[in-house]
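Student: The lines below spell out each chain.
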Amino acid sequence: MAPTIVRSALSVFFEYDTPRIVHIRSKKVGVINRFLQICIISYIIGFAIVYKKGYQEFDDVNSAVTTKLKGVALTNLTDEEGINGTRVWDVADYVIPPQENNAFFVTTNLIVTPAQQQDICEESPSVEDGICSPSKPCIPNTPVVNGNGIKTGECIKSSRNESVNVCMIYAWCPVEKDAKPAEPVLLASQNFTVFIKNNIKFPKFNVSRRNLPDSASDTFLQSCRYANDAENKTCPIFQLAQIVGSANQDYRKMAEQGGVVQILIQWNCNLDYSQSECVPEYQFRRLDSDDYKVSKGFNFRYAENYIENGVSKRTLIKAYGIRFIVTVEGRAGKFNVVPLILNVGSGIALLSVATIICDIVVLYFLKARYFFREKKYLDVKGTDAYETLDEERDDKSGSVTRRKSATSSDLHSED
Amino acid sequence: MAPTIVRSALSVFFEYDTPRIVHIRSKKVGVINRFLQICIISYIIGFAIVYKKGYQEFDDVNSAVTTKLKGVALTNLTDEEGINGTRVWDVADYVIPPQENNAFFVTTNLIVTPAQQQDICEESPSVEDGICSPSKPCIPNTPVVNGNGIKTGECIKSSRNESVNVCMIYAWCPVEKDAKPAEPVLLASQNFTVFIKNNIKFPKFNVSRRNLPDSASDTFLQSCRYANDAENKTCPIFQLAQIVGSANQDYRKMAEQGGVVQILIQWNCNLDYSQSECVPEYQFRRLDSDDYKVSKGFNFRYAENYIENGVSKRTLIKAYGIRFIVTVEGRAGKFNVVPLILNVGSGIALLSVATIICDIVVLYFLKARYFFREKKYLDVKGTDAYETLDEERDDKSGSVTRRKSATSSDLHSED
Amino acid sequence: MAPTIVRSALSVFFEYDTPRIVHIRSKKVGVINRFLQICIISYIIGFAIVYKKGYQEFDDVNSAVTTKLKGVALTNLTDEEGINGTRVWDVADYVIPPQENNAFFVTTNLIVTPAQQQDICEESPSVEDGICSPSKPCIPNTPVVNGNGIKTGECIKSSRNESVNVCMIYAWCPVEKDAKPAEPVLLASQNFTVFIKNNIKFPKFNVSRRNLPDSASDTFLQSCRYANDAENKTCPIFQLAQIVGSANQDYRKMAEQGGVVQILIQWNCNLDYSQSECVPEYQFRRLDSDDYKVSKGFNFRYAENYIENGVSKRTLIKAYGIRFIVTVEGRAGKFNVVPLILNVGSGIALLSVATIICDIVVLYFLKARYFFREKKYLDVKGTDAYETLDEERDDKSGSVTRRKSATSSDLHSED
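Residue numbers (the working numbering), protein chains in the order written: chain V, 1 to 415; chain G, 1 to 415; chain B, 1 to 415.
Check before you lean on any hint, since a few could be wrong.
No copy is singled out in the list; a pair is fine if it fits within one copy or between any two copies.
[Said to hold, decoys possible] Below, a list of computed lysine to any residue pairs in the SDA-like style, where the Cα atoms sit at most 20 Å apart: (1) Lys70 <-> Asp93; (2) Lys68 <-> Asn101; (3) Lys204 <-> Gln266; (4) Lys70 <-> Leu187; (5) Lys68 <-> Lys180; (6) Lys204 <-> Arg285; (7) Lys28 <-> Glu15; (8) Lys204 <-> Asn268; (9) Lys70 <-> Met168; (10) Lys70 <-> Asp178.
Source of the hints: derived by calculation from the structure; they are not laboratory data.
Construct the complete structure from the given sequences, taking the supplied hints into account.
Tutor: Next up, the structure:
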């Protein structure tokens, strides 16, 4: 008995089940069938395997960006913006804060309010809530909405615009003149350059690359400027005007109001080829929109605090400028047999869809549908079959009946 | 001969294979079958296609965030925290650093240590390693662990707490009094507002949006405040107390110790509808936990350096506050025929699972299983068949045998 | 009639279709079949379900990082680097900017240029474009390329290097001596520590965790230091030398030139187990490469502005240092029945691939292929069959013919 069980169990390993097939020779259905199969196979091979590189495994990029700006500008201004006479601006003046992660900000325009100190003074007449009149008094100890300080309660004639009265406020005095220079103070910033050092790694493949041509010499790096042509597109040094121009923006307009520009570095590498072909591509686009009605562009205020003769004072700077955001995207692929098998496997599974569609055509739309149904189907009735009215015969449990069309094809020999 | 081959090759295009099927009429199995099919079809249509929008292709959001804070606070403090008398705090005072990428920090509490300079002075008695005694001397030129300077080796009576002796240290003198004001200095910061400008783009669909209602007027933007109701949920200006409250936090407690709050902007857009329905939703949550035993909340130290009478001095500020992190998430979908076909295709492939489960029921659990097995299977023996004991017949190569149950159904007519 | 239709419609729910199967007993094909099935099932169970946790649904981590540095260093330098005599450096001196999102920078080396003011002075002789000669004059009002100012046009003998002539420039004077100290000024920074507080949340599962052992006492947190051993790997306080060492870098070399180091915190949590087993792992790696020929390492310039006797002055600092970037990655999984069913379902669909491969073997490579083909296929000719030359018989519409091999198996009984 035991050997019988063992032999039976072993026999399981030497069995194989395969579906029985009706092989239909028909021009109409055959063409539909092959057409659908070709579509599916094309999709699998062309799209999933070749185009989407279904034969590769992928890894996302791990990146570090450091930036270094160079450039000096000279201004010669009157007192209007708080900057007097000849002044030179270098990196430590116009890059605020001095370093950021994946970003840098370049001041292009600014309003300087020097020598502010804690005091009581008049609010700017350009702040709506700071304007007062006998019918609209200044309520003491309330802040001026969107203003520079806290009202003392006093209302006096504005010295900046004599036609209105303004509240006296506790504030850093004198308050800022919110009058942006129409001509950007640092328009010369368009000639500044930024050296973007980008080191990437694909950890899964242990491949490290950087945005420098492997053959780059010191001379090349000291003189090159990025441009979208064969010779210079490997240069990691960008002129700001070039970046803004590539984003289809007008530098003068952006410099006046400020804005946000994205520098997109894309590493799409096929590591089945040489690593030296794994080089980045640059794209530039403006991220903010320039048609805001309120609070246009990009600016912020910061202060330089100091003590003069024991008194805390500060220089307030409202900086307009361009914030550059460096985004690194990338994916590397390398041949691997697992995704290939998976894609082929799921492709083969998809092929059954062609059969299903053809079945619908064959069994419901063709003239000879009853004939084909008869060949495809073997009708079997279980003991608990649901009896339909038109099949009220004396069926015993487990009987086999032909479909209604069976008689019409009795003449055909069958397997 | 050649035409024969050509014709044979051509005939391949006019063929079609479809599996032969046993059509079983049985209430039990039929119900199981249809139930499983309905489950699978419901899953495909309801979940994969309708709920997960399997008929759309998707694109992730590309975002730029700029923030602008407004608000002024007045404090009137005694010397205890290093701030004397009436003082006004504006944006340049409480936003440190003045701009960050996708984040901003608002100072809500602070300890100011003015006029520090490089010198030798006594360590704070609150630093454990700075306390000395004859048995625990100050080792010269070693740093005070978690302290403010380097020990000179001298040990003196503390002037701040006369019951202990402390080491003399090289440090910025006098050292900070690490006594956080219990009442947040800038509790008034809860009334400050932040204008969050968020411009997004779905590059694949070339759709740009921003978090402003298309119809927003200047007046709306100057006076609106975000609130989670129909009228104000489109307003991009948030009161800090509203943000912290929406994150279920107590502003006073957060202001005292500091913390980290996330402002989540979600753009989930169905571009099959009008673009004007593509609007963001805001969520707020606290990211740090407030039950740390050590180093609670969020604070950091920074210094304002200056030169007075040729001596380098600094004002040291320990700033407690709330760091707001703005996270933009989003996905847009638009109808596309490729994902639809793929979802339908893989759904159809899944349908075969219903057949497999029913087969198990039919072939192993039903009373009439031998009858059904006989209908479903055609038993074929290859030349190298593995002979089991109970089938020791005189089989020639490639013979066909009925299953054991065959005789029991000989009475039934068969195709 | 109506009841007939209703009954017919109802009968659809009590039907079940299952493919008819040829059950082949053959050692060769059986072994191939079972082997392929075992491969596929192993893949599904072993890889897709167990290894890739196909029985779980996943959620990505939502994270907040705050960092706090501790440590004091003492330097005793000559004037060469602009720092005179004994000086203590604390957090507010060496962390620039004082706080960043997911990053911090520690100054390890620096060049200080004190008391600069707007003036006319000579360019540094180390700037190539600033060197002049009778044949290469200074063009007035043009910037010195990679230099410190704007040329006045005058050319004088350099006071720093008497062998060359340099241009006079409008600049912050005196200009920086670009001579990096060979011995890092703040090499002692290797003993500084950083407390990294990382709070995470898996929103879908509403699970919050932090990088502190649940049992951590105050004493543990005050004295522990991270190390890659059982006892200390839960400690969230890291010594900088430990971090840099774990990234396989030499601290002294990195401190001299600067660099970028990533601190990777990985949360891979199986929430089917206890939450207390959801703990982070730390990895450290250097992100930039140290073999740049130009502009090695990492440094940036910043200025401290002040007013002395009414004159704007500044201290310019060129800071070399290590930028630490904290990256939090993580995924949590929890049992869910939907992905399990989907994986099992798509696995079953994959099983059909085994049948397809075996079919190819059986129908094209086995000796008995004609015999098996005959069993598997029922040849049916449609009314529009494409006639091949070798089958020119008198076929009527919808006839059934055996395959060529049919006669050879006429002797076998068939169903």
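Student: Confirm or reject each hint.
Tutor: Hint by hint, here is what the structure shows:
1. Only within a single protomer do Lys70 and Asp93 lie at most 20 Å apart by alpha-carbon distance; the minimum there is 12 Å, versus 25 Å between protomers.
2. For a Cα distance limit of 20 Å, the shortest separation of Lys68 from Asn101 qualifies both inside one copy, at 12 Å, and across copies, at 18 Å.
3. In this assembly of identical chains, the alpha carbons of Lys204 and Gln266 lie at most 20 Å apart whether taken from the same copy (18 Å) or from different copies (16 Å).
4. Only within a single protomer do Lys70 and Leu187 lie at most 20 Å apart by alpha-carbon distance; the minimum there is 15 Å, versus 28 Å between protomers.
5. Taking the closest pair of Cα atoms, Lys68 and Lys180 come within 20 Å of each other only across two copies (17 Å); inside a single copy the shortest separation is 28 Å, beyond that limit.
6. Only between protomers do Lys204 and Arg285 lie at most 20 Å apart by alpha-carbon distance; the minimum there is 14 Å, versus 31 Å within a single protomer.
7. Within a single copy, Lys28 and Glu15 get their C-alpha atoms only as close as 36 Å, which misses the 20 Å cut-off; across copies the closest is 9 Å, which meets it.
8. Within a single copy, Lys204 and Asn268 get their C-alpha atoms as close as 15 Å, and across copies as close as 17 Å, so both meet the 20 Å cut-off.
9. Proximity of Lys70 and Met168 under a CA criterion of 20 Å is satisfied inter-copy only: 19 Å between copies versus 44 Å inside one chain copy.
10. Taking the shortest alpha-carbon separations for Lys70 and Asp178, only the inter-copy value of 15 Å comes in at or below 20 Å, while the best intra-copy value is 30 Å.
Consistency with the previously given hints is maintained throughout, with no hint failing.
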